[in-house]
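Undergrad: Chains as they are written, first to last, in my numbering: chain C, 1 to 283; chain W, 1001 to 1063; chain V, 2001 to 2063.
It is worth saying that the hints were derived from the structure and are not from the lab. Hints are supplied without guarantee of correctness; some may be wrong.
Label pairs and their in silico Cβ distance ranges [said to hold, decoys possible]: (1) A1022/W with L28/C: 30 to 38 Å; (2) L28/C with E1044/W: 33 to 41 Å; (3) E1042/W with D158/C: 17 to 25 Å; (4) Q1021/W with D118/C: 32 to 40 Å.
Below, in silico cross-link-like pairs of lysine-lysine (BS3-like), each with a Cα-Cα straight-line distance of 27 Å or less [what the hints assert, rightly or not]: (5) K1006/W with K2010/V; (6) K1010/W with K2010/V; (7) K1010/W with K2006/V; (8) K155/C with K183/C; (9) K2006/V with K22/C; (10) K2006/V with K155/C.
Backbone N, C-alpha and C fix where the C-beta goes; we use that ideal spot for every residue, glycine too.
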Amino acid sequence: SYYEKVGFRGVEEKKSLEILLKENPLDLEKLSTFSQRFPLPSMYRIHVWKVLLGILPPHSDSHALVGGYRKEQYNDILEALHVMRYVNCSTPFTDVCLRMFQLESQVLPRCSETTGPDEENEDFLSIARSMEEIVDDPIDCYWLIKCFVHQFHAKFGDSIPHLPKSLEHYLSQEEPRLLRHLKNTDALAQLPYGLWFRRCFAGCLPESSLCRVWDKVISGSCKVLVFVALEILLSYNNVLLGISRPEGVAKLLCNIPQENTDAIVTKAIDSWHKYCGTPMHAV
Amino acid sequence: FLEDVKCQAKAELQSSDGRYQAQRRITQLLQTELLQLYSRVETEAPAGTASGSPPGGRADSYP
Amino acid sequence: FLEDVKCQAKAELQSSDGRYQAQRRITQLLQTELLQLYSRVETEAPAGTASGSPPGGRADSYP
């Protein structure tokens, strides 16, 4: 049956990942390829993310040493922010992470400069809130947020502005009628691109679905985001065709029901593999 | 030769560690200083007087 | 194999350095904060009042 097949495949995948994780040094390219092709088993996800984001080095015998450094760095920054009263015991963890990130990037605002709502900070906080749901350990969580955000900007910063055009292209192939409708009602320009392509669906998808998308982003693809957006549009095709006000479209898409998001992500990854090819080399 | 490379790496790591420890001691001194200064400012300007923003309230001003 | 050892050493050194750099940022912030606080204390307690040690001479001792 389908489930047996999927279950069997899952076991095989888990075994091959375990083999990859036993290598010393770890082969980052193989690990990336694995994460591009298969969903990461949740028990290994955080570890693989930490390796792919460079929080842990490829050599497993350095992990204890480097992990110790990461922990000290975290504690040092946190302590200093407490002493300088940027944070206190009641500051939400994600706000603490933002201050820590700002301190490290040398953009911590001075006390006199009251910062208004800032888009970039809001994106950071949104990603941080989702990461907080995925990762239990606060030290791991801070490092994952920091390195995820950093890598995303460094690697994909130039591609992000082109993703809406790319989405339009694939929508024209899959559902030209919906594309026409969105254009005619001026909704196309008002799709929640920031939520999709800058926040990587943080605050849009529940964490259980989100981490399967982030597997792909962390292992090297931002294109997958386009296909998640595409599948969201396709699964609300009929509803969207009935909405003529652009604000209505945005409102729906910013608050999609959280029940069938797993199916949306599965379809998105399938069509991403279909259009962009499955990374094939050595696993 | 390999031993040589390993020794060099170890020495570099040790010097990085030394720099870190030195900087950490400075930080701790400055932090102690800052804590003392805060408590002095707060003692001299008890609640009620408008002496700029109370440092304690600072975290509140962030979202 | 030698490359391997070098890579490992480099990764370790980088993470140790990261920790040092963070300390440096912290030190800088603490210094700025202390300077501001000292100048505030001086403004609020003008010369003549005995409000502890004169902060002016002390702040200068920071680089």
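Undergrad: All hints are to be evaluated individually against the structure, with a verdict given for each.
TA: Going down the list of hints, with the structure as the test:
Checked against the given bound of 30 to 38 Å, the beta carbons of A1022/W and L28/C, roughly 34 Å apart, stay inside it. For the pair L28/C and E1044/W, the supplied restraint of 33 to 41 Å is violated, since their beta-carbon distance comes to about 57 Å. Our hint of 17 to 25 Å for E1042/W and D158/C is violated, since their Cβ atoms are close to 49 Å apart. Take Q1021/W and D118/C: their Cβ atoms lie about 36 Å apart, and the range 32 to 40 Å holds.
A C-alpha spacing of about 11 Å is found between K1006/W and K2010/V, which places the hinted pair at or below 27 Å, so the restraint holds. For the hint pairing K1010/W with K2010/V, the CA-to-CA distance comes to about 11 Å; that is within 27 Å, so the pair holds. For the hint pairing K1010/W with K2006/V, the CA-to-CA distance comes to about 11 Å; that is within 27 Å, so the pair holds. As the CA atoms of K155/C and K183/C are separated by approximately 30 Å, the hinted pair breaks the 27 Å bound.
In summary, the hint linking K2006/V to K22/C is supported, as the alpha carbons are separated by about 21 Å, within the 27 Å threshold. Under the criterion of a C-alpha separation no larger than 27 Å, the hint pairing K2006/V with K155/C is consistent with the structure, at around 26 Å.
Checked against the numbered hints above, the structure breaks hints 2, 3, 8 and satisfies the rest.
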